[in-house]
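Build out the structure end to end from the sequences listed, making use of the hints.
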Amino acid sequence: MDNLFNRKYIVQGLFILISLILLGTLFYIQVFSDKYFLSAKFNVLRRIYTFPARGVILDRNEKILVQNEPVYDLMVIPNEVKPFDTIALCDIIGIDTVRFHKNFRKAVNQSRFQPNILEKQLSVNIYQTLSEQLSRFPGFFVQSRTIRQYPDSIAGHFVGYIKEVTKKDIERSEGYYRSGDYKGKSGVELAYEKELRGERGVVNMMYDAKNVPKGSYAEGKFDTAAVSGEQLISSLDIRIQKMGEELMKNKIGSIVAIEPATGEILAFVSSPGYDPNLMVGRQQGNNYMELLKNPNRVFNIRPIMGYYSPGSAFKPLDALIGLQEGVIDPNTTFFCPHYYKAGNLKVKCEHYDGDIALRLGLARSCNTYACYVFQKLITQRKYKNQRIAYDAWQKKVKLWGLGDTLGVDLPGERTGRLYDAAWYSEKYKQRKWGYTNVISLAIGQGEMDATPLQMANIMAAIANRGYYIKPHLVKSIGKNHVISKEYVKKNYVGVDTRHFNPVIDGMQDAVNAPWGTAIESRIDGIVMCGKTGTVQNPRGKNHSVFIGFAPRDNPKIAIAVIVENAGYGGSYAAPIASYLTEKYLKDSITSKARLAQVEWMKNQVILPLPPKPKIKAKVISGDSTAKDSTEKKVLPRPNNIRQTISTK
Amino acid sequence: MINQQSNRFFFNVDWITILVYVALCIVGFVNIYASVFNVSDTSFNFSSNYGKQLIYIVAGLVLGFSILLLEAKFFSVFSPIVYGVTIILLIVVLIVGRNVGGNQAWISLGGGFRLQPSEFAKFGTALLLARYIGNFNPKFRDFKSIAIAGLIMLIPLTLIMLQPDAGSALVFLSFMFPMYREGLSGYFLLIFLGMIVLFIADFLVPIQILIPIILSIGGFFVYQNRRKQKLMFSAVLVTAVAIAYLFLVKVAYEKVLKPHQRTRIELILGLKMDPKGVGYNVIQSKIAIGSGQLTGRGFLEGTQTKYGYVPAQSTDFIFSTIGEEWGFAGCTIVIGLYLFLLLRLINLAERQRSTFSRVYGYCVACILFFHVFINIGMAIGIVPVIGIPLPFISYGGSSLWSFTILLFIFLKLDSNRMGFI
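Protein chains in written order, with full-length UniProt numbering: chain A, 1 to 648; chain B, 1 to 421.
Hints were generated in silico from the structure; no laboratory data involved.
Honestly, I wouldn't trust all of these hints.
To be verified - The calculated SDA-like cross-link candidates involving lysine to any residue, where the alpha carbons are at most 25 Å apart (straight line), are:
hint	chain 1	residue 1	chain 2	residue 2
1	A	K163	A	V298
2	A	K470	A	V488
3	A	K8	B	I16
4	A	K8	B	F188
5	A	K8	B	L170
6	A	K8	B	V20
7	A	K194	A	R145
8	A	K8	B	R417
9	A	K163	A	A226
10	A	K8	B	R351
11	A	K8	B	G134
12	A	K102	A	I126
13	A	K470	A	T415
14	A	K194	A	Y176
15	B	K139	A	Y9
16	A	K8	B	N347
17	A	K35	B	G381
18	A	K163	A	S173
19	A	K427	A	T415
20	A	K8	B	S354
21	A	K8	B	I191
22	A	K8	B	L173
Below is the structure:
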């Protein structure tokens, strides 16, 4: 053939060459590079998180305290967004376009390919409208999650609140939290975050090109289901919690009620409080800022953070330690000349009884008696000097849970104040000091502060005749009713059981005897034992304090009530304690007169700042029984003690 | 002798080629099935694409074997008429054609079936070109023969360009190879190659750099051939034409090409990134193919395929399904089948005694080659996206039948290679 025949090879060579080019390219993109393989995964797979419902919190009778409500987050994958009617979308979700563009830019900055939250917590109504029209907005979808809901709007300080995690939270959680997650920020929500949050589920969902889900990857082999958070049964009793909050309305202070036998906290009121429902939803931030403006510091958890001198409420401890140490017996009498005097120091006593023994001393809240007991304790011969004696005394007091945190299951608990001898030696600069320098401690004043929780805990220990169980707010966790061991252990206070009865006698008289300081808070059919206190407040009117327990035998409730700036312990704190005790023990307040008092109490406004207490309104309201309960002057005998320490 | 052959229809037919043809059709069916596979509806359905394709394949086989029954002489004799008919159809389609995807390429036949005349123009042109070369054996040494052959090629090309279907039109350039085989100077191919290189360079290199480069190369050749006046003159001419061409391309690019065509070219040249727009097809196709890795995800297991990430997947981008589900191994087999077919067709062409049959054989091989190269090339992103089908594999009756006719005419000619036409 001619040489044209050879051109066959050129043509065939070209075919082979091109085939090799094709195969070479294919080899590169299929075998050599895994870029495309990964892109394919990225195309199709999307990790869809399912959010577990947070654990529900119940009260001790398993009534719902905190539950969940569905909300919907509008999510966006910026890369999949196609031009759409921005205004229509904004209208549906109820935001303006400025906010929309701001959020959208934020989402783009976070990730163009991953789902980002565009607008949080849309309501069910918005969700319904939106889901009908969602197809108009490619790249957007809705993710459901739950938020907290509080049917009774109570116990805000106890339950705390949840909030979107911060960057720090995410870093610290080592991969658990992701942007947009929620986490407990205070209260039980924070303390029991691990139990409540549950486990997030993940579905490796496959999507087609039109963004239609096509089922789970590898038949769900790599998927996990969301596990709901554990249910918490709290120790609170909704009935008295609610009543306590109502009683403390427009007042500042705390109520802590403990079941002595178990250490379970029955009521945990911090006033001023807030409706926990304000701390959820899209307005959370605004509401929070609004609440912060309240000068009375709404977010202070007063039962565990508030520092109060225990005042006269400390006197039972004087007596008990005195009895245990043997410096007194129940019949030891001291002469009370209307004051206690040691050297040039004088402690006034607001009543005059002459010789006074333990029972009357407590019922009358005698300062003189308390000071003598304290003097005796510190001047015991068995100690080398008074400093050492003081240290021994201070250690005994600490056994009652003062001067240190009790270890309640709520973050933010403070220690209170109680100093050792070294601290005083430092204070008095090596000069010798003795009981006269610290005599105010005998009547619970001076360098001593206790939180309301600590005061209630002292009552629980007395009610138990010698021990307390760490107060706690969560009765059991989960379906198996788990409870931490530390909350069943008995903590003994170092006083033998036999010494309690004489002291309890005095406390019983304080509430039940005609000469008691809290006689008008007596409850028919229930022997309540207690102790009033009127605590000096350097910044204003005295605080009204009452601590007590009931009934006397087999006590069911120990309680501490503090109403700031309300004056005598018998005027506000004691009645409030008695109402709650009656409510708790009898389930309702039977007598009409007391019911009226309750209503009157709820309407009282005692705030240190304007508006001023409406004293006139109280008179005009014209409720005679109510008036009786508060007007100290009508009582036959001076029943309240005003403690003043004056150094001449 | 003719009677004898007529009695033994399939005598001397190259069964190996038919086997490869059937294999490719099956590959097509399987992958079309996978491309339109719907997880929720697995029942076999004749109104779906794979169902129709099965009908097309069966009809194609019937068509192919019918061609084997025809008299071999028929094709040579009637080639001007076939060519004329296809040209008329190409004119008709410009007037009454249906516009599908921006191209006025379809004539509706009713009943949901449509005809794409440009597919049939291929073998019409091949036949006439073979007839012309066979009759006149021009060797392409003179301008006249080049002009006539060029005209045979350029008339349908121009008509298809008017649709405008640049992809299909481009295929007609493959007729340069048979002409080359029959004596056309290799310079034509080189010039053609040079045009492509300059075209690409025009985009990648600024013109103020490009022109000095061309001038210096041209100057070098002029200097080399300074003693041979004719060659020197040619070098000057070529340089001048090249520079003129550069400007022409620039102008044509801006004025003639449509924006979407411009974008496609720019994407291929890496001048533009557009993962969501025009580049979407190519990126998704590459992802699908790349995700197949060495052995593929397996039949019906390709997620990109199943979930519709690659547009036009049963037609122009069918190769992405093959790539994803059958991997590099599957791709190698398919390309191997094509290469085998192409090489065999060239070998078959070379054993023909008549020039007509040989030229026609080359035409068939080169048309198939162009389709395969451009289709697979665009699926893996080395050729601009110009929508032409993958022979025997892509979904569609028109293309399958036209390739079948194209191939079986040659098989008939081959089986008759001992006879005279």
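Legend entry - Numbers of unmet hints, in rising order: No numbers; nothing is violated.
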